[in-house]
Amino acid sequence: MLHSERRSLFRFLAIYLSSTFLLFSLATVIFYSFQKHQIVDKQNNMLQEEAVKIAESLRQIHQEFTEPLIYPYHKPFDSAIYNLDKEYIFGSFRPQHILWSREYYLKDKRLVYIHLLQPYYLGASYLVVAKDINSKPFDDLFKISIVFLLVAGFLFTLLGFFLGKLFVQPMKESMESMNRFIEDTTHEFNTPISTILTNIELLDAIYDCEGKEEMKRIEIASKTLSRLYEDLSYLKLNHNYHREIEELNMSKLLYERIEYFNTLIEAKNLKLVFEIEDDIILDIDKNDAIRMVDNLLSNAIKYNKKDGMLSVVLESGGLSIKDSGVGIKKEDIFLIQGRFQRANKSEGGFGIGLDIVGQVVKRYGFNFKIISIYKESTEVTIRW
Amino acid sequence: MVRVFLILIMFIGYLESEALAPNSINIEKNCIACHTKQKIPSELIYRRYLTKYSTHKTIRKVIFNYLKNPTKENSIMPKQFFLKFPPKEPIDMNDTALIKTIDTYLDYFDIKRKLVLP
Chain Y
1 MLHSERRSLF RFLAIYLSST FLLFSLATVI FYSFQKHQIV DKQNNMLQEE
51 AVKIAESLRQ IHQEFTEPLI YPYHKPFDSA IYNLDKEYIF GSFRPQHILW
101 SREYYLKDKR LVYIHLLQPY YLGASYLVVA KDINSKPFDD LFKISIVFLL
151 VAGFLFTLLG FFLGKLFVQP MKESMESMNR FIEDTTHEFN TPISTILTNI
201 ELLDAIYDCE GKEEMKRIEI ASKTLSRLYE DLSYLKLNHN YHREIEELNM
251 SKLLYERIEY FNTLIEAKNL KLVFEIEDDI ILDIDKNDAI RMVDNLLSNA
301 IKYNKKDGML SVVLESGGLS IKDSGVGIKK EDIFLIQGRF QRANKSEGGF
351 GIGLDIVGQV VKRYGFNFKI ISIYKESTEV TIRW
Chain D
1 MVRVFLILIM FIGYLESEAL APNSINIEKN CIACHTKQKI PSELIYRRYL
51 TKYSTHKTIR KVIFNYLKNP TKENSIMPKQ FFLKFPPKEP IDMNDTALIK
101 TIDTYLDYFD IKRKLVLP
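Residue numbers (my numbering), protein chains in the order written: chain Y, 1 to 384; chain D, 1 to 118.
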């Protein structure tokens, strides 16, 4: 799966799943609170039924008035009677701080119901009935809600993944088609570019031809094409490419690559300043190192001013390449690190240079930093 | 020793009965005797008061008003009751003594003392 495809899929899934989760959470909360009220109502009804029974018993006791007056007490319900002034008369319990303004309330895990009596048998105007709340239905309801949320979440994740795949399919096909095109094109480029470069070297070595300047231009153009071919092949083969990590002499490699770009440096009449420490060794695949160095040097030359300055510093801790070129706007610095992104479209190229550098840096765990002053300079530093 | 203890208990009982005596005599003289004679149970009237007024505080006030001004309107009993038992004369007792007598009557029938848990 391509990086951009994976990113799009994750973004889609993030939006889809978060909105679905939010919706389901809301639905679960509404369902839970509704069911909770139902359970509380059911338990309140039991209190009400008990209150009616006690009221009837109080009427009978009042009418019979046979001593002793046996108070109607049925476990698990507790009850007490109060007179019109809310003074305690009698009961199986004596609750503290009764909320007289409420008909039902829950306090200290007890459901309390206040039943009004009229007429006042035994002088009782209020009957307070209480019972410990049965928490089992609430626990069961909570478990059901969580299970519902988990099952729904799992099913909708699966559905989201399937929909996401459908969603990114057109993009995937476009990317594959473009990659196929690049692969075919680069393959067709390889042979003629190699032929041109070999023949230029031969002409330069064997014949003392007059058109030296023209030959140089052909060489520069051919090398540019050759590097494009190398970069595109690298991107295409990056995933399947077998790397040979070796103790690479970066100092030597850097001299070689500067030599390779010498024609381009001369063509722009750049002042090359380099501080390269000897024998800097790095554990890296040679092709990865070449692609990283080539792209940094190529960018520094390509976006440099004529008669500008190119500084290359290599030390034990890292590599720094600085140019005196067009610079990059602050807001474009992050953007140009993506594939096919270029801040300045006046120069040629596909905009894959910094993407390749970024991939190498990420693969080896290096640090990559761009400091740029717009229309003045750009310094790219890689620390390892 | 046992004999001394029994004598002491009897003496305390006598003192208590003497202390309650004035109100008990008042009830006996002014209420119960007549009610018994006319076959109107006092406990029935107490229950009627309780059913209508709920608190002893209100009942005391209502009984007091009735005894001071015994009219059909002030009575707890239905109007038909007075066809057979005409209203009495206002009671001849000072207010403090009357209130004490009413309190004794209410305490005697107080359901708080009669109610028990099964």
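No wet-lab data here; the hints were simulated from the structure.
We put the beta carbon where it would ideally sit given N, CA and C, even for glycine.
Check each hint, because a few of them may be wrong.
Stated by the list, open to error - Residues on chain Y that point at chain D, a partial pick, calculated with CB under 10 Å:
#, residue
1, His62
2, Tyr71
3, Tyr73
4, Asp85
5, Glu87
6, Ser92
7, Ser125
Practice task
Compare the structure with the hints numbered earlier in the document and write down the numbers of the violated ones, lowest to highest.
Solution key: none
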